[in-house]
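**Student:** Letter by letter, the chains look like this.
Number of protein chains: 2
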Amino acid sequence: MAKDNKKLVQAITSQEENFAQWYTDICVKAELVEYSSVKGFIILRPYGQAIWENIQKDLDARFKASGHENVAMPVLIPESLLKKEGELVNGFAPEVAWVTMGGSDELEERLAVRPTSETMFCDHWSRVLHSYRELPMKYNQWCSVVRWEKTTRPFLRSREFWWQEGHTIHETAAEAEAETQAQLDCYADTCEQDLAIPVLKGRKTDKEKFAGAEATYTIEAMMHDGKALQSGTSHYFGDGFSRAFGVQFTGRDNQLQYPYQTSWGVSTRLVGAIIMTHGDDEGLILPPAVAPYQVVVLPIAAHKPGVTEKAQELTARVAKFARVKLDDSDNSPGWKFSQWEMKGVPLRLELGPKDIEKNQCVLVRRDTREKYFVSLDELETEIPRLLNELAQNLYQRALENREKRTWAAASMEEVKRLAEENNGYIKTMWCGSLACEEKMKEEAGLSSRCMPFEQEHLADTCPCCGKPANLMVYWGKAY
Amino acid sequence: MAKDNKKLVQAITSQEENFAQWYTDICVKAELVEYSSVKGFIILRPYGQAIWENIQKDLDARFKASGHENVAMPVLIPESLLKKEGELVNGFAPEVAWVTMGGSDELEERLAVRPTSETMFCDHWSRVLHSYRELPMKYNQWCSVVRWEKTTRPFLRSREFWWQEGHTIHETAAEAEAETQAQLDCYADTCEQDLAIPVLKGRKTDKEKFAGAEATYTIEAMMHDGKALQSGTSHYFGDGFSRAFGVQFTGRDNQLQYPYQTSWGVSTRLVGAIIMTHGDDEGLILPPAVAPYQVVVLPIAAHKPGVTEKAQELTARVAKFARVKLDDSDNSPGWKFSQWEMKGVPLRLELGPKDIEKNQCVLVRRDTREKYFVSLDELETEIPRLLNELAQNLYQRALENREKRTWAAASMEEVKRLAEENNGYIKTMWCGSLACEEKMKEEAGLSSRCMPFEQEHLADTCPCCGKPANLMVYWGKAY
Numbered sequence: 006m007a008k009d010n011k012k013l014v015q016a017i018t019s020q021e022e023n024f025a026q027w028y029t030d031i032c033v034k035a036e037l038v039e040y041s042s043v044k045g046f047i048i049l050r051p052y053g054q055a056i057w058e059n060i061q062k063d064l065d066a067r068f069k070a071s072g073h074e075n076v077a078m079p080v081l082i083p084e085s086l087l088k089k090e091g092e093l094v095n096g097f098a099p100e101v102a103w104v105t106m107g108g109s110d111e112l113e114e115r116l117a118v119r120p121t122s123e124t125m126f127c128d129h130w131s132r133v134l135h136s137y138r139e140l141p142m143k144y145n146q147w148c149s150v151v152r153w154e155k156t157t158r159p160f161l162r163s164r165e166f167w168w169q170e171g172h173t174i175h176e177t178a179a180e181a182e183a184e185t186q187a188q189l190d191c192y193a194d195t196c197e198q199d200l201a202i203p204v205l206k207g208r209k210t211d212k213e214k215f216a217g218a219e220a221t222y223t224i225e226a227m228m229h230d231g232k233a234l235q236s237g238t239s240h241y242f243g244d245g246f247s248r249a250f251g252v253q254f255t256g257r258d259n260q261l262q263y264p265y266q267t268s269w270g271v272s273t274r275l276v277g278a279i280i281m282t283h284g285d286d287e288g289l290i291l292p293p294a295v296a297p298y299q300v301v302v303l304p305i306a307a308h309k310p311g312v313t314e315k316a317q318e319l320t321a322r323v324a325k326f327a328r329v330k331l332d333d334s335d336n337s338p339g340w341k342f343s344q345w346e347m348k349g350v351p352l353r354l355e356l357g358p359k360d361i362e363k364n365q366c367v368l369v370r371r372d373t374r375e376k377y378f379v380s381l382d383e384l385e386t387e388i389p390r391l392l393n394e395l396a397q398n399l400y401q402r403a404l405e406n407r408e409k410r411t412w413a414a415a416s417m418e419e420v421k422r423l424a425e426e427n428n429g430y431i432k433t434m435w436c437g438s439l440a441c442e443e444k445m446k447e448e449a450g451l452s453s454r455c456m457p458f459e460q461e462h463l464a465d466t467c468p469c470c471g472k473p474a475n476l477m478v479y480w481g482k483a484y
Numbered sequence: 006m007a008k009d010n011k012k013l014v015q016a017i018t019s020q021e022e023n024f025a026q027w028y029t030d031i032c033v034k035a036e037l038v039e040y041s042s043v044k045g046f047i048i049l050r051p052y053g054q055a056i057w058e059n060i061q062k063d064l065d066a067r068f069k070a071s072g073h074e075n076v077a078m079p080v081l082i083p084e085s086l087l088k089k090e091g092e093l094v095n096g097f098a099p100e101v102a103w104v105t106m107g108g109s110d111e112l113e114e115r116l117a118v119r120p121t122s123e124t125m126f127c128d129h130w131s132r133v134l135h136s137y138r139e140l141p142m143k144y145n146q147w148c149s150v151v152r153w154e155k156t157t158r159p160f161l162r163s164r165e166f167w168w169q170e171g172h173t174i175h176e177t178a179a180e181a182e183a184e185t186q187a188q189l190d191c192y193a194d195t196c197e198q199d200l201a202i203p204v205l206k207g208r209k210t211d212k213e214k215f216a217g218a219e220a221t222y223t224i225e226a227m228m229h230d231g232k233a234l235q236s237g238t239s240h241y242f243g244d245g246f247s248r249a250f251g252v253q254f255t256g257r258d259n260q261l262q263y264p265y266q267t268s269w270g271v272s273t274r275l276v277g278a279i280i281m282t283h284g285d286d287e288g289l290i291l292p293p294a295v296a297p298y299q300v301v302v303l304p305i306a307a308h309k310p311g312v313t314e315k316a317q318e319l320t321a322r323v324a325k326f327a328r329v330k331l332d333d334s335d336n337s338p339g340w341k342f343s344q345w346e347m348k349g350v351p352l353r354l355e356l357g358p359k360d361i362e363k364n365q366c367v368l369v370r371r372d373t374r375e376k377y378f379v380s381l382d383e384l385e386t387e388i389p390r391l392l393n394e395l396a397q398n399l400y401q402r403a404l405e406n407r408e409k410r411t412w413a414a415a416s417m418e419e420v421k422r423l424a425e426e427n428n429g430y431i432k433t434m435w436c437g438s439l440a441c442e443e444k445m446k447e448e449a450g451l452s453s454r455c456m457p458f459e460q461e462h463l464a465d466t467c468p469c470c471g472k473p474a475n476l477m478v479y480w481g482k483a484y
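If you read the protein sequences in the order shown, they are chains A and B. Note that this note's numbering has the first sequence beginning at 6, numbered continuously upward. Note that this note's numbering has the second sequence beginning at 6, numbered continuously upward.
For the record, the hints were derived by calculation from the structure and aren't laboratory data. Be careful, since some hints might not be right.
When chains are identical, the list treats them as one kind, so a pair holds in a single copy or across two.
What the hints assert, rightly or not - No more than 20 angstroms apart at the CA atoms, straight line, and that leaves these computed lysine to any residue pairs for SDA-like:
| no. | residue 1 | residue 2 |
| --- | --- | --- |
| 1 | 409 | 448 |
| 2 | 143 | 427 |
| 3 | 69 | 397 |
| 4 | 155 | 334 |
| 5 | 89 | 42 |
| 6 | 376 | 394 |
| 7 | 421 | 448 |
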């Protein structure tokens with residue numbers, strides 16, 4: 006019955022049929038986003054926003070626990086400021102939205118709608134930093150940024166997205182390097198512990214690094230279809246920006262010095278990662294840590310005496326230890342099953358007259374759809390246990406998918422064959438040259454995802470040029 | 006000694022000498038904001054941002070408890086959308102920042118950097134609303150908005166400010182009216198209970214209401230200098246915007262209907278209200294509910310054995326029930342006293358070797374500077390008690406200031422004399438005509454603050470025109 010009803014209320018494309026369409030179907034039908042009437046801009050609807058807020062809360066607590074402070078920088082950046090660091094402006098200029106009028110007046114200098122805020126932070130620091138005693142300054146801001154992308158997809162690439170951007174300055178290069186790594190670890194922990202998404206940690210090649218950075222580190226997640234999603238990055242800038250912006254402090258030796266800088270960010274893209282890592286043909290599957298509702302309570306035969314009251318009572322009980330929603334609308338149970346499956350609520354709690362007689366309820370896991378008949382005396386232990394098992398299972402499934410879709414290759418022929426037959430990671434040695442990286446793109450359609458921290462020695466030579474190779478790289482097709 | 010040190014490290018203009026300068030001195034020297042290099046735009050520094058975040062947390066919890074959901078709307082709004090409601094665009098057009106270029110391409114239609122989002126919400130609802138069953142939709146968003154103001158002051162009026170904007174639609178006019186009132190009450194409660202700022206609640210005159218609204222309700226706070234600060238507004242739109250944007254739903258009678266709409270907002274202006282309501286010549290005084298630190302622990306003679314350790318131990322203890330900061334920097338005690346007074350921390354906890362001997366510490370209230378010698382066994386009761394007393398006292402002082410500075414007047418001569426001699430509220434009857442409202446501005450320099458919900462009958466006629474008058478209005482000079 007649930008199935009029939011489901012067909013009536015919502016039909017999404019299956020993953021197998023068209024993964025891209027399946028993805029956008031979920032974005033819209035689970036009511037995460039709506040396409041706005043501004044081309045390339047999306048609206049985060051309450052359910053999508055609630056997921057993002059849970060991710061924010063988690064990250065914000067982690068940032069603060071490690072001594073970071075939030076600030077708010079202007080949304081508009083003068084062109085002259087953006088141009089102070091040559092690489093950065095070259096990287097971003099093609100995709101900047103420009104404000105040229107204020108009220109009815111033409112502006113003397115056009116202003117960029119913030120695409121990223123390194124320049125504003127440096128400008129601020131150039132005025133407020135004085136002494137090594139004030140270092141480190143470890144700042145973060147939550148905001149949206151605008152980048153004029155040609156092709157857009159909800160969460161993955163849109164002209165506006167919501168993110169946090171951390172920006173820090175330090176007395177020494179070693180401290181800044183350590184910060185870069187610590188924040189990458191923070192992102193990896195959030196993904197693995199809270200979003201149930203396993204990630205590779207590694208360093209980007211020079212071709213793929215952030216404009217103006219000395220080094221970019223990344224966490225890479227693999228989606229269900231085998232394509233990679235860059236899910237968070239952490240950049241080490243050395244003192245390049247400090248020099249460009251004249252950020253200086255009086256050091257311990259009483260001499261003027263330039264601080265060393267980092268920046269790091271994750272965005273609403275993580276919601277896209279959740280959808281494509283865990284979702285199935287019935288819809289979204291949300292990791293409990295960030296699910297707006299962890300449990301949905303559905304009264305069955307709610308017109309029978311006592312059912313609604315008991316459902317309300319249980320909801321109040323569950324609310325003490327989990328985020329819970331009682332759906333007492335007059336939609337049919339089948340319709341509700343489908344709707345809450347589409348929305349990915351981890352656990353469904355069904356309660357009918359017969360259950361009440363037996364002092365039990367039915368708990369249904371969204372990931373496996375297993376049913377559990379649970380005594381009403383055991384909700385406080387069984388619900389957390391099942392949520393925990395579900396989270397573990399999501400992580401394991403994602404990890405198995407990644408392992409199943411990871412191949413090592415030693416020759417270009419092998420790379421090409423594997424890339425043609427599969428989506429997934431292909432790991433090879435690499436000589437380090439841009440030419441070979443570009444050849445991988447041209448001949449096999451692969452981009453470098455990262456040089457993982459956990460290096461393996463797969464061969465002695467680069468599969469592209471045959472020259473000696475010391476670096477191991479993950480390659481893949483990416484979102 | 007503290008005094009001398011204070012003079013050394015920071016000098017702010019006194020309130021008496023120049024209230025406006027005193028205000029901006031505090032904004033900068035308490036490290037709340039920095040002027041950015043974008044004209045009219047400010048940077049919220051960590052301490053200012055932390056106050057705003059505490060206000061946000063409080064309000065967000067109130068909104069959610071009353072069934073509101075957060076969303077995120079695009080930062081850019083097409084001009085055609087902004088123009089759909091005639092009054093709104095006329096009200097905002099002179100102060101809109103326009104994006105005209107995306108990357109290197111001229112845009113076909115220019116886009117406004119969000120000055121307010123009624124238009125985006127209506128546009129969204131015109132697509133997603135179908136049935137009365139989906140009503141009410143009670144949405145809120147936290148964001149920044151841009152308005153191209155000519156003259157700017159931190160928090161009070163700047164080209165970008167941070168706020169929340171609530172937008173709701175309802176099945177009936179009565180429900181929308183009730184929402185408008187409920188959110189005004191919510192703002193009043195936040196101001197009075199958390200910010201210790203007494204407010205007048207009332208309705209704006211037509212001249213002062215929001216562009217496109219049927220009615221605007223306001224909370225008005227009085228600053229220490231007697232000038233008024235509009236601190237939050239709540240608007241009732243009727244179905245005007247719904248009709249302009251074609252927002253419709255199928256009603257209970259199966260006919261298409263237009264929903265009734267509200268919007269309401271408070272902003273970082275509230276931080277300005279806190280400064281100007283409670284501050285004194287030593288700096289900021291923060292209400293405990295939103296103070297980033299409620300207690301600062303200062304070890305005295307920290308080089309003596311055991312002092313630092315004991316201070317750390319107490320800090321850990323206090324952290325269990327209050328936001329606390331241990332200042333163990335190597336600055337002098339006098340410098341620290343001044344710094345934390347400037348920053349308005351409600352309670353200072355001093356601990357020296359002699360205090361430790363006596364199993365006591367010294368607690369100093371920021372508002373009265375009273376000293377309390379408190380047994381270390383009683384911190385858990387004494388700190389909350391003193392914080393509470395301080396909050397009460399801040400509220401009482403502000404209320405007394407308002408009462409002292411409120412006058413009733415029956416004739417224009419009386420109004421002009423009072424307005425010349427004082428800053429404060431002058432309450433009079435009013436006939437309701439725009440001409441008399443404009444005369445009050447021209448002849449006495451006063452703008453209408455509100456028609457308070459608590460009306461009094463002060464006379465039978467309007468002091469301006471002598472005609473019969475049924476409305477009582479508060480007039481004042483405003484920020």
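**Student:** Please go over all the hints and tell whether each is borne out by the structure.
**Tutor:** Quick rundown of the hints versus the structure:
| no. | hint | result |
| --- | --- | --- |
| 1 | 409 <-> 448 | neither (23 angstroms within a copy, 82 angstroms between copies) |
| 2 | 143 <-> 427 | neither (42 angstroms within a copy, 46 angstroms between copies) |
| 3 | 69 <-> 397 | neither (27 angstroms within a copy, 30 angstroms between copies) |
| 4 | 155 <-> 334 | neither (42 angstroms within a copy, 52 angstroms between copies) |
| 5 | 89 <-> 42 | between (35 angstroms within a copy, 14 angstroms between copies) |
| 6 | 376 <-> 394 | within (14 angstroms within a copy, 55 angstroms between copies) |
| 7 | 421 <-> 448 | within (7 angstroms within a copy, 84 angstroms between copies) |
In terms of the numbered hints stated before, the structure departs from hints 1, 2, 3 and 4, listed from lowest to highest.
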